[in-house]
Amino acid sequence: MAKTAPVRQKRITIDRFLGVDFANAETEVDTRRSPWAPNMVADKAGYPEKRPGYTCLQSYPGPVHGMGFFQGNMLVHAGTKLYGPEKTILYSDMAERRSAFFHWEDKLYILDGSHYLVYDGVQAKEVDGFIPTTVIGREPSGGGTLFEAVNLLQPKRINSFVSDGTATEFLLDSMGIDTAEVTVWVDGEEKSEGEDYTVDREAGKVIFTQAPADSEGLDSVTIRFSKTVTGYRERICKCTIAGSFGLGSDSRVFLTGNPEYPNTDWQSGLYDPTYFPDTGYTRLGSENTAIMGYLKQYDSMIVVKEQADDETGLFIRNAELTENSEAIFPVKEGIAGMGAVSPYAFGTLAGDPVFLSPGGVYGLDTNAVTQQRSVQLRSFFINPRLTRESSLGEAVGAVWGQFYVACVNGHAYVANGSQTNENPMGGRGYEWYYWTDIPARVLREHDGKLYFGTDDGKVMVFSGEYADDGRAIDAIWTTPLLDGGNFMQEKNISRRGTGILTKPYARSSGEIFFSTEKSLMQVTRKYTMDLMDFDDVDFNRFSFTMQDNPRVQISPKKFRKVLQFQMGVRNCVAGEGFGVLAMMVTFSMGNMTRRKDG
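FYI, the numbering for the sequence shown is 19 to 616, going by our numbering.
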């Protein structure tokens, strides 16, 4: 009697995982990646787990435009106000637009496109700029040595004179000075206007009632006056982007983002963000494209402009000393045809400067031999979805530990700096993850925590909770669409040897499902997986399990005569952890299909 040959079973085992792949058809995705895995992220070992949730810290009566941190306290720009600790109002006339915050020494500075503010831990006020000494060694009739340039932020300036013992009229370096007070010191002693001297403001003269004594070639007369130049202060106050750079250290602040000067930035004085010399500006490329942000690589500052096919989008700024020991910051053109789309999505991930362009997230590479810089696509596997997002110019980004997070339209695209790859274009890229329900208008990392502000005035922080402000997070991991190596041959999926290996959590559950050409997301098993915790007891699902070992969850349903199949696992319960360590599908091969409709 003839014997039937035993059915030979095959297995697909996935025990190494990468990120999502939105670039390839579901049938072409590497089994380590997922074509659909919302709200999952890699743990430290690279296994997918449910992303952390967030909680609401505070609500404000207006959209959140910016956040900063100072001495353990959070400052929030919401609506038209700047709020300090316990929602105290620090400033009531903020612009209704995104703002930039930066630290310098023991103060916090804020730019909102209309104001330039400084916060010292007690109050926020308009920056009162450094008063420069514009000329020294000046004779009463004029001349002297130019010393410090006029401060764009400050109408006041100082002239320092040598007196000859006979001259009573001292000519300032500006005519038509302001009606503001003119202060005079002779040999360090302050004099009184009207009694010791008078001022001809139109002519720019100070006239002494008695000539100061001969100073024998040394400066002895100091005069402080004001000369407002229309539009000077606004050049700085209308900026919205800040970066730091210098010779050997970050010794100066660079500001840009003024819409009236889109291709211009201004540099501060040495270690002084209250001093912006009127000579310290640089025009980069054409006015047709605006400067979008700054990156640093090695000993250079990379200035990134808007993308335009026929214009240079990246400029390289270096720091040098002249023969007179003066610091200068020469700029040279870098890369044409490449630039940024959002000024809010710059970051440095594990030493890699990255920015968001219309074509995805790009990073800077440097050839070790030629030192030639190039930009390389870092976001190949998410690009089809990312680049289709509307309003990419509103995207915000931040580096959070090993992750670069870019948010737009409630979606977050998350690069894992610990998982790199070589994409099909030959460049170095990252493994990416995709999150939903992240309504970030502004995004800020501080002390290892990631904060975001929303259009409806909420400030959120990602926490260890597995819920979004109490709401469930819908976390899914699916395999690619599999065909067992032969898309024409029917497969029978066995209930033996099919299942997943799950990560242990104090409280967890999930559902295993399959999609085939016959049905979508058919649930084959719902499971719970809890550890005993007397601080968190649910008598409806009480568990005596105390060992935190991974657990096998089988899928006890057969599928017959399917051509393609996709296995998935899902958790959508608030407060529950969820993670996958391995997935296995056991199946046997059947006959060649005779179906004409797939």
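What the hints contain is simulated information worked out from the structure, not anything from laboratory work. Here the structure is a predicted model, which means the values were calculated and not measured. Be aware that a few hints might be false.
Stated by the list, open to error - Quick list of the computed label-pair ranges, beta carbon to beta carbon: (1) P376 with G488: 47 to 57 Å; (2) S132 with D296: 13 to 23 Å; (3) T163 with T186: 37 to 47 Å; (4) D465 with R115: 19 to 29 Å; (5) L519 with D138: 32 to 42 Å; (6) P79 with D465: 26 to 36 Å; (7) K314 with M443: 17 to 27 Å; (8) K125 with K544: 52 to 62 Å; (9) M443 with F165: 37 to 47 Å; (10) R34 with P79: 43 to 53 Å; (11) R406 with D492: 48 to 58 Å.
Stated by the list, open to error - Restricting the straight-line Cα-Cα distance to at most 27 Å, the calculated cross-link-like pairs of lysine-lysine (DSSO-like) are: (12) K174 with K143; (13) K245 with K223; (14) K99 with K125; (15) K28 with K536; (16) K245 with K143; (17) K314 with K99; (18) K521 with K575; (19) K223 with K174; (20) K209 with K223; (21) K579 with K62; (22) K467 with K536; (23) K125 with K105; (24) K245 with K174; (25) K536 with K614.
For each residue, glycine too, the CB sits at the ideal point set by N, CA and C.
Practice task
Please work out if K99 and K125 have their alpha carbons no farther apart than 27 Å.
Solution key: 19 Å, holds
Exercise for the section: Confirm or reject the claim that P79 and D465 have a C-beta distance inside 26 to 36 Å. Expected result: 27 Å, holds
Exercise for the section: Please work out if K467 and K536 have their alpha carbons no farther apart than 27 Å. Expected result: The hint is violated at about 45 Å.
Handout entry: Given hint K536 paired with K28 - CA-CA distance at most 27 Å
Key = Holds: K28 and K536 sit about 21 Å apart, inside 27 Å.
Practice task
Could you check the hint for me, namely that S132 and D296 are 13 to 23 Å apart, CB to CB?
Solution key: 20 Å, holds
Handout entry: Given hint K174 paired with K223 - CA-CA distance at most 27 Å
Key = Roughly 15 Å between the alpha carbons, so the hint for K223 and K174 holds.
Handout entry: C-beta pair R406, D492: status relative to the range 48 to 58 Å that was hinted
Key = Violated, at about 21 Å.
Exercise for the section: Just tell me: holds or violated, for the beta carbon distance of K125 and K544 against 52 to 62 Å? Expected result: 56 Å, holds
Practice task
Go ahead and decide if the range 37 to 47 Å is satisfied by the Cβ distance of M443 to F165.
Solution key: 54 Å, violated
Handout entry: Agreement of K579 and K62 with the hint, judged by alpha carbon distance not exceeding 27 Å
Key = 39 Å, violated
Problem - Holds or violated: K245 to K223, with C-alpha atoms at most 27 Å apart - result: 13 Å, holds
Exercise for the section: Take the C-alpha atoms of K521 and K575, compute the straight-line distance between them, and say whether it is at most 27 Å. Expected result: Distance ~22 Å between K521 and K575 Cα, so the pair holds.
In the structure shown, a violation is registered for the earlier hints numbered 1, 3, 5, 9, 11, 17, 21 and 22, in ascending order.
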